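Given the structure of chain A, go ahead and fit chain B onto it with the hints provided.
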Amino acid sequence: MSSGIIKEIEKKVLELEGLIESITKTTIFTEIPKKNIKDFAKWLYESGAFLKTCAGVDERIISSKLALYYIFGLDEKGLDVVVKISGFEREALPSIVDVIPGVEWCELEARDLVGLYILGHEDKPRLVLPQDWPEDAYPLRKDVPHNYRPQINVEKFSEELPREVGLPIGPYHPILHEPEYFELYVEGERVVDVYYRGFHVHRGIEKLGESQRFTYKTIPFLAERICGICGFVHSSCYVLAVEKAAGINVPERAEFIRSILLEIERIHSHLLWLGVVAHILGYDAGFMHMWRIREPVMVLAELLTGSRKTYGINIIGGVRRDIDEVKKLKALKVLRSVREEFKRFIDVFISIPEIVKRTTGTGILPRDIARALSVVGPTARGSGLKRDVRKDYPYFAYKYASFKIPVYTEGDNLARLLVRVDEVFESISIIEQLLDMLPKGPIAVESYEIPRLKKAVAAVEAPRGEDVHFIITGLDRPYRWKVRAPTYQNIPALRVMLKDAPLADAFLTIVSIDPCFSCTDRVLMVCDVKSNSKRFMSLFEGRKYAVK
Amino acid sequence: MTLIPLFSAPIYDSIERKIKAAIQSRIGPIGFPRSFLQSWFDIIKLFNKELVLTSYGVSLITILELILILITMIILQIALLTSQLYWIISLLITFLSTSTAFSLFRAILLDNPFSSIGAFRGFYITLTVEGFFLSSLIIMLLIDVSIISRILLFCVIAISCYVVGSKVPFDIAEAEPEIASGVYVELSGPLLAIALYSLQIKRYILAQILSYSLLKLINTSNTSVTALMTVLLTPIIWMIFGIVSAIFARTRVDVGPSTLLKVVLILMLLIIATLTVKVV
Chain A
1 MSSGIIKEIE KKVLELEGLI ESITKTTIFT EIPKKNIKDF AKWLYESGAF LKTCAGVDER
61 IISSKLALYY IFGLDEKGLD VVVKISGFER EALPSIVDVI PGVEWCELEA RDLVGLYILG
121 HEDKPRLVLP QDWPEDAYPL RKDVPHNYRP QINVEKFSEE LPREVGLPIG PYHPILHEPE
181 YFELYVEGER VVDVYYRGFH VHRGIEKLGE SQRFTYKTIP FLAERICGIC GFVHSSCYVL
241 AVEKAAGINV PERAEFIRSI LLEIERIHSH LLWLGVVAHI LGYDAGFMHM WRIREPVMVL
301 AELLTGSRKT YGINIIGGVR RDIDEVKKLK ALKVLRSVRE EFKRFIDVFI SIPEIVKRTT
361 GTGILPRDIA RALSVVGPTA RGSGLKRDVR KDYPYFAYKY ASFKIPVYTE GDNLARLLVR
421 VDEVFESISI IEQLLDMLPK GPIAVESYEI PRLKKAVAAV EAPRGEDVHF IITGLDRPYR
481 WKVRAPTYQN IPALRVMLKD APLADAFLTI VSIDPCFSCT DRVLMVCDVK SNSKRFMSLF
541 EGRKYAVK
Chain B
1001 MTLIPLFSAP IYDSIERKIK AAIQSRIGPI GFPRSFLQSW FDIIKLFNKE LVLTSYGVSL
1061 ITILELILIL ITMIILQIAL LTSQLYWIIS LLITFLSTST AFSLFRAILL DNPFSSIGAF
1121 RGFYITLTVE GFFLSSLIIM LLIDVSIISR ILLFCVIAIS CYVVGSKVPF DIAEAEPEIA
1181 SGVYVELSGP LLAIALYSLQ IKRYILAQIL SYSLLKLINT SNTSVTALMT VLLTPIIWMI
1241 FGIVSAIFAR TRVDVGPSTL LKVVLILMLL IIATLTVKVV
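Taken in sequence, the protein lines are chains A and B. For the first sequence, the numbering used here gives the first residue as 1, with consecutive numbering after it. For the second sequence, the numbering used here gives the first residue as 1001, with consecutive numbering after it.
Same shape as in the complex, but just chain A:
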């Protein structure tokens, strides 16, 4: 990280009457007067920063205020900039959505869950909470218990249904493995508009992590359950955030093991995705073979961690399981065979004319829109943005490995497919390098202390893109734990990708961002409503809440 950029940021913060809270190795924490936040955000954006996320925090116990933290990343400098604005309850805060369009969802989330009054969003429907949630109950405020169960208001659902109805897809659909609602408006076989309503999955993981049911030590196991495919990414990102906040130096061997498992997760996730794409394109032989090739990778994960999925080996300060010489040799053998089989099959796969024709020129996401929405992962790299946390903000053992970041400029479904294909080969190579270089030594620190009210931002490159965890430490558990899964950042781009494209390619395009809705929906409070009243939810109800 160069000191030049830090000085520039310091200068700009002072110019805008703000203050620098602290500077760590990878992050600058600042507070800016709310009237100047737009200017600062614009300056950061024009300096090349991407929006990572924003997080509403109930700081009334600390400062009597509600705060909103915007987290930006200067990828080229490997520097995160956390900008805080705050205000008393019901005090209006400005939105920066007209400067950075990608911020809309997280501002709406902060409004719904923390009750921030953000100007410009007053008339917008709820994004995260259901319509029958009480008006003044904000689940992520500290005075709302984690087991709060509101009374539902059935009258909310008696509004008139829309006259015009599109092609409803979801909330339950054979191709959607999780409940989401898309409504496609079509003219003939062409999609002219799209409405999306997500956040159907109620889990309240953030709130649970901040509740007395969990502690710093047990949260990694909760974090790993955010996602059924890339759960290790979430537990790694969480422990990284806590380790950064507490200044814990993790043994090198543990960092190598974490990186190896993260790459194993990437390989099996990409192979799974390639199989799903083959199935969607009617190439079931491809689906079966891709999953056959994936199977030894799952067995390898079981060999190294004891589980095919949800490895459960991350702890703060290290890992719980070591890799011995026998496992190392077996892993290298499996990787060699997976590479050969994948190479042989992928050559066939990408030479099938229907696959090439259906992925070429469909679901295009132009580079400028990808930049404006700060999309991440293969979605960004398929649109020409060279973004990869492993290179931009090296963490764990990635600094020791040599690998390329595949980037394609076409922005279509084929580009995103090819990015993932290349990444499988790169990941195999990374694991081989790290296994060869695996240092000796302990796999976890013996003891550590986590001071209160320390902040940290951690980012880990998940198979779907950058996973971000923001943490403010508390007593025995985080005071605030914000999770931003990669799909959260990529879904808003779907509207651009789907519009004016053939209907038959709509699903391929939705799948091309490799959406993980359970990761994205994790923010909701658990809402197991017990009521005598029946609630009827029509297919078109989602349209009323759809965020354009």
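There's no promise every hint is true.
Covered by chain B, per the in silico footprint, the following chain A stretches (three or more residues, Cβ under 8 Å) [as the list claims (entries may be wrong)]: (1) 3–15; (2) 271–284; (3) 497–504.
If you're looking for bench data, these hints aren't it; they were derived computationally from the structure. None of these values were measured; they are calculated from a predicted model. Even glycine gets a Cβ: it sits at the ideal position worked out from N, Cα and C.
Frame of chain A, contents of chain B only:
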């Protein structure tokens, strides 16, 4: 012989599933009887499932579709044994086209966007080949033409039989994920069993037509030998179709019909050219 397709169509379908499973590195239906009878088990199971009717019209049309396909199948068996009777061929063509039209009407008449979209996709594909298919069949079966013309006619019939049989990559009417079963979306239980059984009989008919065309191509004259050979060739053609479908992905809705039309048009122009040369 007339009743053979009634029993053997689901059996061939089961064997095709087993072959596809082998191509895809899967096991497929397990055990000796299921390897041959899985599709029969499926049909029986569907018949025991609850019937949810969205309209009486759809059930009527689905049953009529099966009846028409069965009549087509019976006429085809008679035609194999009495190919000198031209009116039988005409009747076969009439019922073949009517049964195809009925299966599309069934989907269009439903007040369901998924079914309508599927039906229109089915229309694109069927209209692309149907006319060329039937006219090629008439020429092949009724007119004595040169070997080159016969080869070209056989190509058109082979492509058409594959396409009308709704095999990958031309199964866009029911298999695209966004329309989730498309033309079958409103069918359940016994009605779905009838629709699937109709499709299997239709595939048998198409495989048998292609087998018969192949024998016409090599100009076999003995009627009883031709009939026997056709029955033996039908499962082979069915399995070849199955293997071909396993190695393709589904075509694009806009690209598939236009590419198909181009290919069939070129073949038809060549046929016309060869026929004209012969006349001159």
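Taking the earlier hints as the rules, which of them does this structure contradict? 1
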